[in-house]
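Just so you know, the protein sequences line up as chains F and D, in that order.
Each residue of the first sequence is one higher than the one before, starting from 32 at the first, in the working numbering.
Each residue of the second sequence is one higher than the one before, starting from 32 at the first, in the working numbering.
Keep in mind that the hints were calculated from the coordinates and are not lab data.
Incorrect hints may appear among the rest.
Identical copies carry no separate label here, and so any pair may be met within one copy or between two of them.
List time: in silico EDC-like cross-link candidates among lysine to aspartate or glutamate, alpha-carbon distance up to 16 Å [unchecked claim]: (1) Lys401 to Glu207; (2) Lys162 to Glu186; (3) Lys230 to Glu87; (4) Lys37 to Glu104; (5) Lys44 to Glu34; (6) Lys337 to Glu121; (7) Lys70 to Glu100; (8) Lys37 to Asp287; (9) Lys122 to Glu104.
2 protein chains.
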Amino acid sequence: MSERVKYILDEEKIPKYWYNIESDLKEHTPEALDPETLKPAEISKLEMIFAKGCVEQEISRERYIEIPEPVREAYRLWRPSPLYRAVHLEKALDTPAKIYFKYEGVSPSGSHKTNSAIAQVFENKRCGIKKVATETGAGQWGTALAQACKMFGLESRVYMVRCSYEQKPYRRAMIELFGGTVIASPSTMTKAGLAILEKDPYCRGSLGIAISEAVEDVIRYNEDTRYCLGSVLNHVLLHQSIIGQEAMAQMEMAGDYPDIVIGACGGGSNFAGIAFPFLGEMLRGGRKVDLLGAEPAACPTLTAGKYAYDYGDVAKMTPLMKMYTLGSSFIPPAVHAGGLRYHGMAPQISNVMRQGLMRARTVEQLDVFKSAITFARSEGIIPAPESSHAIAAAIDEALECKKRGEKKTILFNLSGHGHVDMSAYIEYFAGNLANYDYSKEEVAMALSCLPIKD
Amino acid sequence: MSERVKYILDEEKIPKYWYNIESDLKEHTPEALDPETLKPAEISKLEMIFAKGCVEQEISRERYIEIPEPVREAYRLWRPSPLYRAVHLEKALDTPAKIYFKYEGVSPSGSHKTNSAIAQVFENKRCGIKKVATETGAGQWGTALAQACKMFGLESRVYMVRCSYEQKPYRRAMIELFGGTVIASPSTMTKAGLAILEKDPYCRGSLGIAISEAVEDVIRYNEDTRYCLGSVLNHVLLHQSIIGQEAMAQMEMAGDYPDIVIGACGGGSNFAGIAFPFLGEMLRGGRKVDLLGAEPAACPTLTAGKYAYDYGDVAKMTPLMKMYTLGSSFIPPAVHAGGLRYHGMAPQISNVMRQGLMRARTVEQLDVFKSAITFARSEGIIPAPESSHAIAAAIDEALECKKRGEKKTILFNLSGHGHVDMSAYIEYFAGNLANYDYSKEEVAMALSCLPIKD
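Turn these sequences into a full structure, and let the hints guide you.
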């Protein structure tokens, strides 16, 4: 047979430590502010919302944080995830570039989200919490959290944006199959939900409303309930560092090292997961690597946003974070990559971008699906629309190599499969999809409402 | 960490030969009969329908048939597939038994079907065929064949039973994504389809009708088109032998050997895939193993069928095969495991059953879903309803071990994931599913029409 296509690590090679990018950044990521006082958020207040262990991880500047043994034990269900050399895609593109991808779709939820769900649920269990609440848009995070709760014996309540609840019955069923309680948001279970429904009984919901409901739920049942978030925050990015750490070991197996590392950017956790361990190596004097974040043209946070303090949600209940943002009141066009429709970007990624340590680009929706199909037909894996932003960027880089006759090594993160997103492909094949650009006027309007002026 | 949960073989360990059970059977499997003459089917006639290489494999009695290098190369996309020790399920059941499962859901189609699709498409390509036609019920086989055709540059036409075409848009989209042409059956493309539609313009179709249309398609475009079938036939079972061969190597890695090997039985290819290599070992004087086929109570071919010559399809166009059958005109109740709703059973499995070398049992539909959910919540994999018949049988065996205090080693084949079958879970959760037993009267009626009387 010709050269290998899969690089599989032994179970023993699941990383023993999460890697914390904060330790290697010269300029540290600005801390979160209390939304009421606009002063640095107090730990005791954060611990009302999040598990104590998660808050500790959130503010840590240690380089390595030990992965608790029960978390590593749970990771063994599917980790280490495979790294593939995309030989068939290379042939299809006729490129001199070498293309590798790390595949996170083998997890119970079908995406990288489970890496953090298990870590967060364990920290909740460790401090005696019995129930967690969260929101979910596209549904991957809700699935991941429900499955993690089932493993550790906690209850989960998932506020699912009503339009997803109705349009994605398969995702809802997966959450229920793993024992989670799914509540269509806005709901009548919270004051926030009731207030919305009073104004508009037919409201289809939004991520912002769902976050408000989940947080209200947590505050009401604070004795035994905490909140979990699937991206953006430092501790979530920390948990995802196992992706890049495994990928480094697998690239070593392949006798190779990436020139370019690519990830799709929504809240930022899958990009950071693959990119930060390589960035850390570079910051500590190791080999240089070109980090590329791919975001939807409909929601170009890193490429068209402003670096400023902003709320994490539409309802302005969360701490303020310094990040690239399109304004927390901006509602992106309804592209079929719900997981990337977020107005902000993880503060650590924003900080890295600000320091010129990575670059970013946008991908148009039709290119996303075209690339996804090219990839699926070559490699036999149907990718999620979110993950396909990374594929599109990788294909463009590989074609650029072809034009210039360069033999670069490209690595991208395939963060999830698209088995539950076939409705988006159906729309694409039916010719019902288009490229949607964001409205510059709407972003300007949203940015004019930022809580702290320059 | 505690003991391993995954056993992963290196790419180089993909078997180099398919294993042919016929070589080790003392009583050979009776040959197929021509439906017109009721005499042994002539090779030249079979080659009008199937690729020459497939016909050669169909009638071979060689023990090992070399896997062509391009097929092994294609297998590397996802093979060797993982073997898991189901430690979390064992804990949930509190059983002294050890439970292992081979997971075929990692393939491009999400099931074991791709193993044979790639082999069949390659044989078609090798003899100059440009297009293949097939039928699909549940959709796994259609997906597998379309993907294999895309890899080898052939065209595929998939006649999809109309009710699946309408109820399973995700499966249809997957086939199209991989470049296949999907035709709802009955269609206006064939005489067979037109005749049906003339009688009933709203006919929802059946596997029997779809087979008739695919075969008519092949006969009409015979110069460059051949037919492919996803189960039942000897050469399909041969291709699936890589499952059991890999599992043997993986059980060796685990330092273990199964006492019981379990597979779900529809047409029989996934059961034979895992069981026959172990059976061969036993027939050649090796260790004894208890082979158990699990079939739906709604379609109990092995447990309530008659061993007799019968047609493979409802329309009586295929060669006659000696097999356990409920009668080719029997239509099983509409349980949510479409891939197991087949009136007959692979002739080689029927022969093995007849000789007392395996046993079979039925599983009720509600037990299928109950077991599937227990498994998913323990192991983090959502199984296909078809595959869940094997899970139900494995759980029962493990509980029996608990009752008797026996430490048996159980191995089952998890033939596919259920990501595209979530609608069945939704029905289950909604309380809309029931146990469906077959009608003894209908089977007696169907059996009274067998073409050759005792």
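Each hint, compared with the structure:
In this homomeric assembly, Lys401 and Glu207 come within 16 Å of each other (Cα to Cα) only across copies, at 14 Å, whereas the closest approach inside a single copy is 33 Å. Only within a single protomer do Lys162 and Glu186 lie at most 16 Å apart by alpha-carbon distance; the minimum there is 5 Å, versus 52 Å between protomers. Taking the closest pair of Cα atoms, Lys230 and Glu87 never come within 16 Å of each other, the shortest separation being 40 Å inside a single copy and 72 Å across copies. In the homo-oligomer, the alpha carbons of Lys37 and Glu104 lie at most 16 Å apart only across protomers (12 Å), although the nearest pairing inside one protomer, at 23 Å, exceeds that limit.
Taking the shortest Cα distances, Lys44 and Glu34 sit within 16 Å of each other only across copies (14 Å), while inside one copy they are farther apart (23 Å). In the homo-oligomer, the alpha carbons of Lys337 and Glu121 never lie at most 16 Å apart, since the shortest distance is 37 Å inside one protomer and 53 Å across protomers. For a Cα distance limit of 16 Å, the shortest separation of Lys70 from Glu100 qualifies neither inside one copy, at 36 Å, nor across copies, at 66 Å. In this homomeric assembly, Lys37 and Asp287 come within 16 Å of each other (Cα to Cα) only inside a single copy, at 13 Å, whereas the closest approach across copies is 26 Å.
Taking the closest pair of Cα atoms, Lys122 and Glu104 come within 16 Å of each other only across two copies (14 Å); inside a single copy the shortest separation is 38 Å, beyond that limit.
Consistency with the previously given hints fails for numbers 3, 6 and 7, ordered from lowest to highest.
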